[in-house]
Amino acid sequence: MTLYKNGSFVHDSWITIHEGEEISPAGHVIAPLSWWQAERQAFAESHVPIGIRVEPGATIDDFIADLPRFALIALVIPKFQDGRAYSTARLLRERHGFKGELRAIGEVLIDQIQPMLRCGFDAFEISDPVTQAALEAGRIPGVTHFYQPGVNEAPQAGARPWLRQV
Amino acid sequence: MYRYDEFDAAFVADRLNQFSDQVQRRLSGELTEEQFRIHRLMNGVYLQLHAYMLRIAIPYGTLSPRQLRKLAHIARRYDKGFGHFTTRQNIQFNWPALKDIPAILGELASVEMHAIQTSGNCIRNVTADHFAGAAADEIEDPRPYAEILRQWSSIHPEFTYLPRKFKLALSGSPHDRAAIQVHDIGYQLVKNDKGDTGFAVFVGGGLGRTPMVGHKIRDFLAPQDLLAYTQAIVRVYNLEGRRDNKYKARIKILVHEKGFEAMREAVEAEFAADKNELLALPQSEIDRISAYFAPPDLEERPAQSQALTARRASDPAFGAFADTNVAKHRQPGYGLLTISLKPIGGIPGDATAEQMELVAELAETFGHDEIRVSHEQNLVLPHVALDDLPAIYDALAAQGLATANAGLISDIISCPGMDYCSLATARSIPVAQRISERFADGPRAKEIGAMKIKISGCINACGHHHVGHIGILGLERKGVETYQLTLGGSADEGCKLGDITGPGFSYEDVVDAIETVVDTYVGLRTSADEDFLRAYRRVGMAPFKKALYERDSGSDI
Amino acid sequence: MSQVISANRLSDGIVVFRASGGAWVEQLRDAEILPDASAVKAAMGLVEKDVLANHVIEVAAFDVAVKGDHVEPVHLRDKIRAKGPTTHPDHGKQAAL
Ligand code: HEM
Ligand code: SF4
Chain A
1328 MTLYKNGSFV
1338 HDSWITIHEG
1348 EEISPAGHVI
1358 APLSWWQAER
1368 QAFAESHVPI
1378 GIRVEPGATI
1388 DDFIADLPRF
1398 ALIALVIPKF
1408 QDGRAYSTAR
1418 LLRERHGFKG
1428 ELRAIGEVLI
1438 DQIQPMLRCG
1448 FDAFEISDPV
1458 TQAALEAGRI
1468 PGVTHFYQPG
1478 VNEAPQAGAR
1488 PWLRQV
Chain B
16 MYRYDEFDAA
26 FVADRLNQFS
36 DQVQRRLSGE
46 LTEEQFRIHR
56 LMNGVYLQLH
66 AYMLRIAIPY
76 GTLSPRQLRK
86 LAHIARRYDK
96 GFGHFTTRQN
106 IQFNWPALKD
116 IPAILGELAS
126 VEMHAIQTSG
136 NCIRNVTADH
146 FAGAAADEIE
156 DPRPYAEILR
166 QWSSIHPEFT
176 YLPRKFKLAL
186 SGSPHDRAAI
196 QVHDIGYQLV
206 KNDKGDTGFA
216 VFVGGGLGRT
226 PMVGHKIRDF
236 LAPQDLLAYT
246 QAIVRVYNLE
256 GRRDNKYKAR
266 IKILVHEKGF
276 EAMREAVEAE
286 FAADKNELLA
296 LPQSEIDRIS
306 AYFAPPDLEE
316 RPAQSQALTA
326 RRASDPAFGA
336 FADTNVAKHR
346 QPGYGLLTIS
356 LKPIGGIPGD
366 ATAEQMELVA
376 ELAETFGHDE
386 IRVSHEQNLV
396 LPHVALDDLP
406 AIYDALAAQG
416 LATANAGLIS
426 DIISCPGMDY
436 CSLATARSIP
446 VAQRISERFA
456 DGPRAKEIGA
466 MKIKISGCIN
476 ACGHHHVGHI
486 GILGLERKGV
496 ETYQLTLGGS
506 ADEGCKLGDI
516 TGPGFSYEDV
526 VDAIETVVDT
536 YVGLRTSADE
546 DFLRAYRRVG
556 MAPFKKALYE
566 RDSGSDI
Chain C
125 MSQVISANRL
135 SDGIVVFRAS
145 GGAWVEQLRD
155 AEILPDASAV
165 KAAMGLVEKD
175 VLANHVIEVA
185 AFDVAVKGDH
195 VEPVHLRDKI
205 RAKGPTTHPD
215 HGKQAAL
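Top to bottom, those sequences are chains A, B and C.
For reference, each letter of the first sequence is one residue, going 1328 to 1493 in our numbering.
For reference, each letter of the second sequence is one residue, going 16 to 572 in our numbering.
For reference, each letter of the third sequence is one residue, going 125 to 221 in our numbering.
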């Protein structure tokens, strides 16, 4: 497993915690949303960086009140055809102004990188070898003209002026 | 009609490069079939029984002669000389090789066409009334809005991996010719009390194995909110639609399971939350796009055409053609001409390369360069002078395109069925052919009157059978084809699903069964003015059931 | 019941049948008839490499009835695949028969 972020492979400084595992008080862990919901009091006074892992069935309302507390949100893509996280990502970035790391985990494949970037993801956990190789070669297949400006993209010349602009 | 600007052209070229790359990666083995399938589907490439099939979008059914000529060329060069027009205003080619598809898409791009999003779990080709911009009863041309929706939904990053396919349809007239209530979202242009134009919006219609008529979620939506409201619906669906079972993944199931009221609230809440963003359509942009669809300059003509009257007097076949295939245009002296792709005994929706070229030529000579594809699998010349009808008729007749049956019993919608489709449980085209031969387009067909027969070769209902006046569904029981009949369905503004008559009929008997239904109707109607649908709604199923099943033959299962 | 293995060729989608020795042929009469389930299983094992090598897709075995040297698919769907659309006698494999 590697981490691709902002255009290159980087060292992952976060530790993924599974259900029932101990959380280091130093933070820098990506814990399940359910863990956060159970433990949030314990971390109320601490300022260590916390990340949560959100399964696609969860709604934003389940954690939106604590949003400022998260430095990272990992959205699970159980199968590459599952597009729920795309909406969640856009809502987090655009409606709720989330500025932390938005990481795609699960079945993350090369042909979905572009739409994910356009929905506001900035980090990807990669385990598929073809995807790994393509990213290493700097090849992200996709198009270069869009009718809809993406999250944090400046509108392009010629893009429809009536469409959402960031 | 809409013309690509530089941006549109670059967009399509871009997508072509992207898909060509995917095809190369597939052919070289870098992509597995499972990984590739989703891309080929999003570019309209299916695998059917005999070969690949390429489905090309004809947005809101509007074509130029140049485009139709290109389709003819593709039919000849890469296929077997014909194409199949479908109920979704697409054209399908049945024999293209995967390795040729990038070249075909390149040819299409040269005439501003593509196959983007004609398949896959995304927002599909946007369809609209085939009489748009010409019908006498129209409030406003829906195509500018269809074009706006088309652009907005093209490779939409958020909505490319929906739970299931998503279909939009628009109608600009109170009389719905676009079947909007059986679409995921249907938009009907209406006027409110203040005289403003906007949309009534329907959500959650669909056919397939669980057919449902859409619910009206909005009585009135201002045009500038079109995209924001659509985004709200699709977003709620994307987040909440079922993904555990593809047969329960359409928005109609979400609406059904969540409850329409809850769905409405969720959509309205999402719409309200997003409202301040810049998805609103400024009037200037609506006007800019609308200008592309400005009606042609039609020279004034007398309402009564002498040429037409004279020819009618001498040629009853022409008279029949003029009666059935010409609909009322909003400008006197003009008509909307339906070119039937339902020759008697022929394959509904098929057109040869030569036929396409002829229609292209007629559109140039007589039709102000416009052609439409109807969801009833016919072609339409939307602006023809009645004076020109005799000449057009003669040219059509020479290519077998002058069948005088638009709206009559032999104007049958049929899906490809088992002759092509890998999902089929029975054949549908040969059933259509036999019914067409039985009733033809002569006096008998005229006497029967308005009749919509719709045939699907499996429960996916691509042939719209649930909303046929008579619907035919081909199934398989113990290894043999059997055909279930439904009566009383309708896809127009009075949208309703048909009722199943009872046990199905064999391939051999199904045409007799249809004849029994038709004869029963003719026997019980109050007058020739009471069409099948009205008669059925008056008397109900009982007399038909009796005629179908209380006799020795017919009920074989 | 006897079976034949068929697939679609990746490059053009055309229906092909597996002949003895592992070649893919376009006409059913040239296909290998597999007399029973174990023969089908063995042949399917050998086909795997063609799928992995991306020559063919949608591999499946279907039932056939053998009378003398005539092979006929049992189900309508497979008959149509082996011949071509019933509505276009000049299209598909039937054109060459
Ligand atoms: C031959 C390849 C085809 C395949 C594999 C195919 C597949 C399907 C499937 C699986 C459905 C059901 C979707 C659902 O309920 O979720 C469906 C529905 C539909 N298809 Fe097709 N189809 C094919 C051809 C066609 C053709 C030729 C037409 C037009 C004549 C068409 C138009 C439609 C329509 C109108 C529906 C039902 C409306 C709805 O979406 O609810 N399809 N198709
Ligand atoms: S209704 Fe069934 S048989 Fe007909 S085209 Fe659709 S999927 Fe195929």
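Simulated from the structure, these hints should not be mistaken for lab results.
Check the hints yourself; a few may be wrong.
What the hints assert, rightly or not - Here are some chain A residues pointing at chain B (derived, C-beta under 8 Å):
no.: 1; residue: ARG1411
no.: 2; residue: TYR1413
no.: 3; residue: ARG1417
no.: 4; residue: ARG1422
no.: 5; residue: PHE1425
no.: 6; residue: LYS1426
no.: 7; residue: VAL1435
no.: 8; residue: PRO1442
no.: 9; residue: GLU1452
no.: 10; residue: SER1454
no.: 11; residue: PRO1456
no.: 12; residue: ILE1467
no.: 13; residue: GLY1469
no.: 14; residue: GLN1475
no.: 15; residue: ASN1479
no.: 16; residue: ALA1481
This structure is a prediction, so every number in the text was calculated from the model and none was measured.
Even for Gly, the Cβ is constructed at its ideal location relative to N, Cα and C.
Comparing the hints with the structure gives:
Interface restraint check: ARG1411(A) against chain B, minimum CB-CB distance 6 Å, threshold 8 Å, status holds. About 5 Å separates the beta-carbon of TYR1413(A) from the nearest beta-carbon of chain B, less than 8 Å, and the hint is met. For the restraint placing ARG1417(A) at the interface with chain B, the shortest Cβ-Cβ distance is roughly 6 Å, inside the 8 Å limit, so the hint holds. The beta carbon of ARG1422(A) is positioned within 8 Å of a beta carbon in chain B (closest approach about 7 Å), and the interface hint is therefore held.
For PHE1425(A), the interface hint is violated, the least distance from its beta-carbon to any beta-carbon of chain B being 15 Å, above 8 Å. The closest approach between the C-beta of LYS1426(A) and any C-beta of chain B is roughly 18 Å, which is over the 8 Å cut-off, so the hint fails. A least Cβ separation of about 13 Å between VAL1435(A) and chain B goes past the 8 Å threshold, and the interface hint is therefore violated. Interface hint at PRO1442(A): satisfied, since its Cβ lies 4 Å from the closest Cβ of chain B, which is below the 8 Å cut-off.
For the restraint placing GLU1452(A) at the interface with chain B, the shortest Cβ-Cβ distance is roughly 18 Å, beyond the 8 Å limit, so the hint is violated. Restraint check, SER1454(A) versus chain B: the minimum CB separation of about 14 Å is more than 8 Å; hint violated. Hint status for PRO1456(A) relative to chain B: violated, with the closest Cβ pair at about 11 Å, above 8 Å. Hint status for ILE1467(A): violated, given a least beta-carbon distance of 11 Å to chain B, over 8 Å.
Interface hint at GLY1469(A): satisfied, since its Cβ lies 6 Å from the closest Cβ of chain B, which is below the 8 Å cut-off. Restraint check, GLN1475(A) versus chain B: the minimum CB separation of about 6 Å is within 8 Å; hint holds. Annotation: interface hint on ASN1479(A) violated; nearest CB of chain B at approximately 12 Å, more than 8 Å. Interface restraint check for ALA1481(A): the shortest CB-CB distance to chain B comes to about 14 Å, outside 8 Å, so the restraint is violated.
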